[in-house]
Structure formats: structure tokens, C-alpha cells
Amino acid sequence: AQSVTQPDIHITVSEGASLELRCNYSYGATPYLFWYVQSPGQGLQLLLKYFSGDTLVQGIKGFEAEFKRSQSSFNLRKPSVHWSDAAEYFCAVAPNSGGYQKVTFGTGTKLQVIP
Amino acid sequence: KAGVTQTPRYLIKTRGQQVTLSCSPISGHRSVSWYQQTPGQGLQFLFEYFSETQRNKGNFPGRFSGRQFSNSRSEMNVSTLELGDSALYLCASSLAWTAKNEKLFFGSGTQLSVL
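Here the protein sequences line up with chains A and B, keeping their order.
When we follow this note's numbering, the leftmost residue of the first sequence carries the number 1, and every step to the right adds one.
When we follow this note's numbering, the leftmost residue of the second sequence carries the number 1, and every step to the right adds one.
Hints are computed from structural coordinates only; laboratory data are not their basis.
Everything numeric in this text was worked out from a predicted model, so none of it was measured.
Note that beta-carbon positions come from the ideal geometry of N, C-alpha and C, so glycine has one too.
Fair warning: there could be bad hints in the mix.
As the list claims (entries may be wrong) - Which bits of chain B does chain A cover? Going by a derived footprint, with three or more residues having C-beta under 8 Å, they are:
1. 45-56
2. 106-115
What the hints assert, rightly or not - BS3-like mimics (lysine-lysine), calculated; alpha carbons at most 27 Å apart, straight line:
3. A:Lys-110 - B:Lys-103
4. B:Lys-103 - A:Lys-61
5. B:Lys-103 - A:Lys-68
6. B:Lys-57 - A:Lys-49
7. A:Lys-68 - A:Lys-110
8. A:Lys-102 - B:Lys-57
9. B:Lys-103 - A:Lys-102
10. A:Lys-49 - B:Lys-103
Claimed, not checked - DEER-style ranges, computed between Cβ atoms:
11. B:Ser-51 - A:Gly-28: 45 to 53 Å
12. B:Leu-83 - A:Leu-56: 41 to 49 Å
13. A:Lys-110 - B:Gln-54: 47 to 55 Å
14. B:Thr-38 - A:Glu-20: 24 to 32 Å
15. A:Thr-5 - B:Thr-5: 27 to 35 Å
16. B:Gly-16 - A:Glu-20: 18 to 26 Å
Whenever a hint applies, use it, and build me the whole structure from the sequences.
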């Protein structure tokens with residue numbers, strides 16, 4: 001069964017600073033990988049997804065993520081954080097076996113942005 | 001196009017009671033999945049319905065059940081509530097859930113508090 005680990009429960013960065021959120025997955029082959037963001041009181045919104053091909057994936061709101069097979073990682077990055085990026089971020093994985101696939105989410109990383 | 005609608009937004013129940021939560025997916029979406037979100041546990045998959053059929057179920061006791069109607073609206077029911085059932089319950093819809101071609105659209109959730 002697949003699993004995903006987000007080792008950082010809480011991260012604080014200054015506005016304008018760069019950001020990297022870590023995500024490690026466990027799966028026998030290359031899975032489908034996702035990053036979702038949850039603003040307070042809201043549901044989750046998809047930021048980006050990786051299926052195959054280019055290992056650097058661009059998403060919405062200026063986010064990008066890099067798939068590294070050798071490290072089983074899919075870290076989320078942003079070069080300059082804005083106060084509105086304060087939210088909780090979830091990494092997710094699904095098997096690429098075709099048909100219906102259950103998505104497994106990490107426990108989330110809460111991002112705080114300070115002025 | 002209206003988003004995923006979950007009702008009610010907040011619920012307060014006491015132990016032993018039962019509760020029914022409702023989810024109206026985006027028009028045209030046939031897949032509805034349910035997640036339980038708690039601090040520290042992240043999102044735990046409950047079940048997924050497609051065309052009124054449950055396709056997959058997570059590791060939750062039988063007290064948790066769901067169904068989907070012909071108009072794709074879905075309900076989940078929790079019987080004999082326990083304190084540990086206090087959580088944010090999220091519903092997500094998609095056109096036809098295959099991870100590669102679709103993404104999940106989440107509602108804002110129902111916050112259930114069990115006293």
C-alpha cells in the first residue's frame with residue numbers, strides 16, 4: 001500500500017523568503033503525486049500534480065514541485081512567499097495502476113508567514 | 001458552476017446519537033468521496049461512490065456508512081457517535097475518478113463536534 005510522509009508539521013517563513021515543503025512517499029513504482037492547499041475554513045484545492053515526464057512540475061499560485069525518484073520525494077517550492085500563502089499543505093499519492101485509485105494524503109504541513 | 005456543497009457547516013451532537021451529513025457534487029460529477037480530517041491524523045479516506053455504487057472503503061468501523069443518489073448527491077451517516085468522531089468531514093467530487101485524468105474538488109466540510 002502506498003503512504004506519504006510530511007515530516008514538518010509546522011513551518012514559519014518570512015514574507016518574501018523562499019519556501020520548501022517536504023514530502024516523501026512509499027510506493028512500489030512511480031505513483032501519481034499531488035499537492036493540495038487548504039486555507040482556514042475551506043476545503044482543499046489542487047496546486048499541482050505529477051504523473052510522468054518532466055520531473056519539475058509547475059502549479060498554480062507560483063508553486064512548483066520536483067519529483068526525485070532516487071529520494072522518493074516530491075517537495076513543494078516557492079521562490080518568494082506571500083502572506084496569502086499561509087495555509088495548510090497536503091501532499092498526496094495515488095497508484096498509477098489505472099482505473100479507480102484511492103488517494104492517500106499526508107498529515108499536512110501548516111505554513112505560517114510572518115511580515 | 002457551483003462548487004461542492006456540504007451541509008450542514010457545523011454540527012454538535014452527543015455521544016450515542018447518530019448524524020447524517022450531505023454533499024452535493026459539482027454538476028456533472030459522478031464520483032463522490034468522503035474524508036475525515038483530524039489534527040495530527042490528516043485526511044483519512046472513508047469511502048468513494050460512483051454512479052450510486054461504493055467502489056472503495058477505508059478502514060473505518062461499520063458505524064460509518066454512506067450512499068449516493070441517482071443525482072450524484074451523497075450522504076454519509078455515523079451511528080452511535082463517539083467522542084473520537086469529532087472531526088472535519090470533507091467531501092470531494094470528480095467527473096470520473098481516475099487519478100491521471102481528474103482532480104478532486106473539495107467542499108468546505110462539515111465540522112462535527114461530539115460532546
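A quick look at each hint next to the structure:
no.: 1; hint: 45-56; result: holds (count 5)
no.: 2; hint: 106-115; result: holds (count 4)
no.: 3; hint: A:Lys-110 - B:Lys-103; result: 22 Å, holds
no.: 4; hint: B:Lys-103 - A:Lys-61; result: 17 Å, holds
no.: 5; hint: B:Lys-103 - A:Lys-68; result: 22 Å, holds
no.: 6; hint: B:Lys-57 - A:Lys-49; result: 24 Å, holds
no.: 7; hint: A:Lys-68 - A:Lys-110; result: 23 Å, holds
no.: 8; hint: A:Lys-102 - B:Lys-57; result: 9 Å, holds
no.: 9; hint: B:Lys-103 - A:Lys-102; result: 12 Å, holds
no.: 10; hint: A:Lys-49 - B:Lys-103; result: 9 Å, holds
no.: 11; hint: B:Ser-51 - A:Gly-28: 45 to 53 Å; result: 30 Å, violated
no.: 12; hint: B:Leu-83 - A:Leu-56: 41 to 49 Å; result: 45 Å, holds
no.: 13; hint: A:Lys-110 - B:Gln-54: 47 to 55 Å; result: 32 Å, violated
no.: 14; hint: B:Thr-38 - A:Glu-20: 24 to 32 Å; result: 26 Å, holds
no.: 15; hint: A:Thr-5 - B:Thr-5: 27 to 35 Å; result: 32 Å, holds
no.: 16; hint: B:Gly-16 - A:Glu-20: 18 to 26 Å; result: 46 Å, violated
Comparing the model with each numbered hint stated earlier shows that hints 11, 13 and 16 do not hold.
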